[in-house]
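Throw the hints in and build the complete structure from the sequences for me.
Chains as they are written, first to last, in numbering that gives the first Met the number 0: chain P, 0 to 259; chain R, 0 to 179.
Honestly, the hints are just simulated from the structure, not real lab data. Hints are not guaranteed to be accurate.
[Said to hold, decoys possible] Restraint-style ranges between C-beta atoms, simulated for each label pair:
#1 P/Pro71 x R/Val85: 34 to 44 Å
#2 P/Lys123 x R/Gly117: 43 to 53 Å
#3 R/Gly89 x P/Phe180: 48 to 58 Å
For each residue, glycine too, the CB sits at the ideal point set by N, CA and C.
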Amino acid sequence: MNAVWVGLIVIAILVAAFTGHMEETTNAAMDSAGAAVELAIGLIGVMALWLGLMKIAEKAGLVQALARLLRPLLRRIFPEVPKDHPAMGSMLANIAANMLGLGNSATALGLRAMQDLQNLNKEKASASNSMATFLAINTSSVTIIPATVIAIRASANSNSPAEIIGPVIVATLVSTTVGIFASRLLQRFVPAQGVDVATTDDQPSDNPRPQADTCTTNTGMSDSSNPRPQADTGTSDTGTSDQDSSSAGRSTGKKNGEGR
Amino acid sequence: MDTLQGILAEMGSWAIPVAIVGIVGIGAIRKVKVYEVFVEGAKEGFDVGVRIIPYLVAILVAIGMFRASGALDFLVAALDPLLSWVGYPGEALPMALIRPLSGSGALGVMTELINTHGPDSFIGRLASVMMGSTETTFYVLAVYLGSVAVRRSRHTLAACLIADAAGLIAAFIVVKVVWG
Numbered sequence: 000m001n002a003v004w005v006g007l008i009v010i011a012i013l014v015a016a017f018t019g020h021m022e023e024t025t026n027a028a029m030d031s032a033g034a035a036v037e038l039a040i041g042l043i044g045v046m047a048l049w050l051g052l053m054k055i056a057e058k059a060g061l062v063q064a065l066a067r068l069l070r071p072l073l074r075r076i077f078p079e080v081p082k083d084h085p086a087m088g089s090m091l092a093n094i095a096a097n098m099l100g101l102g103n104s105a106t107a108l109g110l111r112a113m114q115d116l117q118n119l120n121k122e123k124a125s126a127s128n129s130m131a132t133f134l135a136i137n138t139s140s141v142t143i144i145p146a147t148v149i150a151i152r153a154s155a156n157s158n159s160p161a162e163i164i165g166p167v168i169v170a171t172l173v174s175t176t177v178g179i180f181a182s183r184l185l186q187r188f189v190p191a192q193g194v195d196v197a198t199t200d201d202q203p204s205d206n207p208r209p210q211a212d213t214c215t216t217n218t219g220m221s222d223s224s225n226p227r228p229q230a231d232t233g234t235s236d237t238g239t240s241d242q243d244s245s246s247a248g249r250s251t252g253k254k255n256g257e258g259r
Numbered sequence: 000m001d002t003l004q005g006i007l008a009e010m011g012s013w014a015i016p017v018a019i020v021g022i023v024g025i026g027a028i029r030k031v032k033v034y035e036v037f038v039e040g041a042k043e044g045f046d047v048g049v050r051i052i053p054y055l056v057a058i059l060v061a062i063g064m065f066r067a068s069g070a071l072d073f074l075v076a077a078l079d080p081l082l083s084w085v086g087y088p089g090e091a092l093p094m095a096l097i098r099p100l101s102g103s104g105a106l107g108v109m110t111e112l113i114n115t116h117g118p119d120s121f122i123g124r125l126a127s128v129m130m131g132s133t134e135t136t137f138y139v140l141a142v143y144l145g146s147v148a149v150r151r152s153r154h155t156l157a158a159c160l161i162a163d164a165a166g167l168i169a170a171f172i173v174v175k176v177v178w179g
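Written out as structure tokens, the structure reads:
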């Protein structure tokens, strides 16, 4: 996301400089910033309505019942989510709302699903595998009634405004299926804890477990800095003297205490 | 087709009322304190709305600048020869490129294409199917990941863009097969 964001902005400025669209680009930046806030504020009402209803549905056992309905399929797609977890139900509710083309309601339900998935997520700052798959399904659009498109076609005097429904469903099925497989496949190349690789090879077997854990969190926290040097210090510490390693152990305890 | 459209449109307008009555009704039958529980849940609505603002501003500003600068036109010009080789009409290319970035932008492009080429032309149909079968990926990712403060998206963007590409290609093939 970082690279994309920088890319979009830098390219925009460069192109604007060449084409003389600097004025428009500036205006677009300001207008978009305002529009973003309006969009978010506009969502609040619908958001509150659906979060309230979802809470009732959850207490009444409806969310769980919905999840049970499609459990065999969902368990394959989201193996990390426990079978009776509310996340299953809220994801289904979001997908159902998307199918019916319910716009903001679908968004509200989707954000609720993200919260449920975040509760299951061990690395809160990174997207979990389930989140990626859920978003791939979501952005591939599972619409069965593209209402706006049909309306525009009708107003342009189409002979058959709704004739696109069949093709839309086929294209949507293809993209959703590809999205699910792509996310399940790609997740293998992007470990949830990006520092795993750095900490596995430098820890001798006689090292106690907790220390290995701190190393992970250390490198995890200083995200941008190079994890290598830190890992190297860890090895030399334990290698040179016992005192060093015990002091490292003490600091480990402190770090853990602060963390929790 | 017209009756099908009617039924589907009817389903759309009934969905929300039925869901509301169903949830509240079943909740009440199952002895849930519906009013209190509703308010408790609804409270979070404000927080979520406010929490996504910085993420939305970031992504919408970047996309807005990208569109206004004319960078999209360059991209279209660069990809045009490649796509016309497989028979993809160049006029519909902006549609494919703008769709993951901006919903309103894509709607504008689609409306324009339908009005210039006619809703029942190849381009008109292609634009309609592409609009209906894909989503504004960047917006959805920013809002959904932002709402739970996830910063590292890992493979999410790649998976979503692959899905988008598959959807756009499928749209082209289906329209080609159905209407030639």
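Hints, one by one, checked against the model:
Evaluation of the 34 to 44 Å hint for P/Pro71 and R/Val85 yields a pass: the beta carbon distance comes to about 39 Å. As the Cβ distance of P/Lys123 to R/Gly117 is approximately 51 Å, the hint placing it in 43 to 53 Å holds. Between R/Gly89 and P/Phe180 the Cβ separation comes to about 30 Å, which falls outside the hinted range of 48 to 58 Å.
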